[in-house]
Structures are given as structure tokens and as C-alpha cells.
Amino acid sequence: MKQRLDKFLVEKDLTESREKAIELIKAGFVKVNGKPIKKPSFKVSEKDNIEIEKQFPYVSRAGLKLERALTVFNLSVKDKVCLDIGASTGGFTDCLLKFGAKKVYAVDSGTDQLHQSLKNNPKVISMEQTNARYLTKSQIPEEIEFLVCDVSFISVLKILPNIKQLLKEDFEGVVLIKPQFELSREKLKKGVVKKKEFHIQAIEKVLNGLKEAGFGICNLDFSMPFGTDGNIEFITHINFSENFIKSDTIKSIVDKAHIKFKEEKDGSSGLS
60 MKQRLDKFLV EKDLTESREK AIELIKAGFV KVNGKPIKKP SFKVSEKDNI EIEKQFPYVS
120 RAGLKLERAL TVFNLSVKDK VCLDIGASTG GFTDCLLKFG AKKVYAVDSG TDQLHQSLKN
180 NPKVISMEQT NARYLTKSQI PEEIEFLVCD VSFISVLKIL PNIKQLLKED FEGVVLIKPQ
240 FELSREKLKK GVVKKKEFHI QAIEKVLNGL KEAGFGICNL DFSMPFGTDG NIEFITHINF
300 SENFIKSDTI KSIVDKAHIK FKEEKDGSSG LS
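Just so you know, we're using my numbering here: the sequence shown kicks off at 60 and counts up by one.
Hints are not guaranteed to be accurate.
Claimed, not checked - Restraint ranges, calculated between C-beta atoms of paired labels, are given here:
#1 K61 to N179: 52 to 58 angstroms
#2 T195 to K94: 32 to 38 angstroms
#3 N302 to K248: 19 to 25 angstroms
#4 K196 to D307: 19 to 25 angstroms
#5 E202 to E271: 22 to 28 angstroms
#6 K94 to T308: 33 to 39 angstroms
#7 S243 to T308: 22 to 28 angstroms
#8 S100 to Q224: 32 to 38 angstroms
#9 E112 to I213: 31 to 37 angstroms
#10 E245 to S104: 17 to 23 angstroms
#11 P181 to K253: 42 to 48 angstroms
Simulated from the structure, these hints should not be mistaken for lab results.
Please read all numbers here as calculations on a predicted model, not as lab measurements.
Every residue, glycine too, gets a C-beta built ideally from N, C-alpha and C.
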């Protein structure tokens, strides 16, 4: 009898939870009969040879997104005091620590989301039920040397201008741009932004807003792994410079993102 791949992994004690199974599958870490499968609902049976190629390196798949940004933008967080806005489970925080961060202030408006391993880590200052829009120096007394931001259901432009006061003059930062939370609802289809022109609009809105707030835009790329809901997201490297990204560059990156997204979606027998 066949069943979903994600359920199979849990029932065979190959992973701790269905959520973790889905993350492993979406990241391409699971093979069925030698082929990588990226569809959690893919049907398997006892006769299939199922392998987990490698375990998930972070407490959530968000860590892979930040890892990509640090690598692509050639950024170092070693021995730096960091601020993680929208920490949630702690994927970004976990990645920062694994890349050598000295300390991470993990800020989130939610409750009891941060992974226990991070709560127990002396390098992590957990700040749950905290609205990042109103953070003060009294709450974070140290100057922040590296900023990461991954927020949902709100524009990053509602948050980052206030964060400036907490940042060291030579800080570096990575911001995740989520078009689905930057655009009006009529540009979404079942919560997903599909058109290139809308992706470009969302990116331009965020980058122009950050520039007006006093940030420099040093680099831009698309984020991977892609959102589990089908959304394409983007990563940008910011600091306090005069740098900015040309419109031609934005269009080129959006084009590349759509090509890669299609490859992922169509890859391995339509398994993404």
C-alpha cells in the first residue's frame, strides 16, 4: 500500500516530525530509488529504496536561505553581535551561530517559537512577544554589527527604519524580500505572486524605501530554497553606504529567479 513520502519518513522514524520531513524533501535531501524527490505528497511503498542524503543543517529551512545569502554576497558574521528580526523557529539565528556569530538577539512578535536548542544557547538572547517596530537601545544595549530580517504579514519598510538607531556605523545586513507581503492583494493569486512585473515592483518598492531610510543597497539575488507555498523571494545586502542597484540588474535577477523556479518545479519527473 502506497502512502505520502512525508508520512512514510515519520512512520519509519527517519525524521522527528512531519514538518521536518517536508523540509528535508523540499530541500532535495530525500531520494527515492536513487532520484531526488521534492514533493512531500509523492507516493511510496515498502518496496521503494528511500534514502535521506543528509540531515537538515539548521532548525528550519530558513537557515539555508541565509546560508545562500552569506555565501553569494561573501559576508562574514564571525565574532559579530547580530540581530535577527522575525526569528520564528530560529533558522537564521542557527545559521548565524554556525557561521561564527558572537551573539544573536533573536526578536519575534510570537510566543514559544524559538527552537529549544537555541533557547538553551548562551549566545542567543531570545526576545519573544517583541514588536521590532518599537525596539529601543534599552532593550538592545549593544551596537548591532550584523542584521538579518525575515518577516511575514508586514512590509520590511515598516520595521527597518526604526532599527537604524541600533546599528553600528559599519554594520552589514541581509534582508529577505517577500513580494507577497509587499504588494496589494489584487496582485496575488491565492497568496502567491506569479508575474515577473509584480516581483520587480515589490523589489523596487523595498529598495527605494530602504534608500530613502538611509540604507545602501550593495547586492541583490533570488532566495533559495524557494518558499514552500510557491512564492519566489529575494535577498538583499544592505549597509550605510551610497550603493544602489540598477533597474536592469533587478530585471535580470527576476528573470533568473523565474528560470530557476521553473527548473525546480519541473525537475525530476515533476517532483518539486
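Cross-check of the supplied hints:
no.: 1; hint: K61 to N179: 52 to 58 angstroms; in the structure: 40 angstroms, violated
no.: 2; hint: T195 to K94: 32 to 38 angstroms; in the structure: 52 angstroms, violated
no.: 3; hint: N302 to K248: 19 to 25 angstroms; in the structure: 34 angstroms, violated
no.: 4; hint: K196 to D307: 19 to 25 angstroms; in the structure: 39 angstroms, violated
no.: 5; hint: E202 to E271: 22 to 28 angstroms; in the structure: 23 angstroms, holds
no.: 6; hint: K94 to T308: 33 to 39 angstroms; in the structure: 36 angstroms, holds
no.: 7; hint: S243 to T308: 22 to 28 angstroms; in the structure: 25 angstroms, holds
no.: 8; hint: S100 to Q224: 32 to 38 angstroms; in the structure: 46 angstroms, violated
no.: 9; hint: E112 to I213: 31 to 37 angstroms; in the structure: 36 angstroms, holds
no.: 10; hint: E245 to S104: 17 to 23 angstroms; in the structure: 44 angstroms, violated
no.: 11; hint: P181 to K253: 42 to 48 angstroms; in the structure: 44 angstroms, holds
Comparing the model with each earlier hint shows violations of hints 1, 2, 3, 4, 8 and 10; every other hint is respected.
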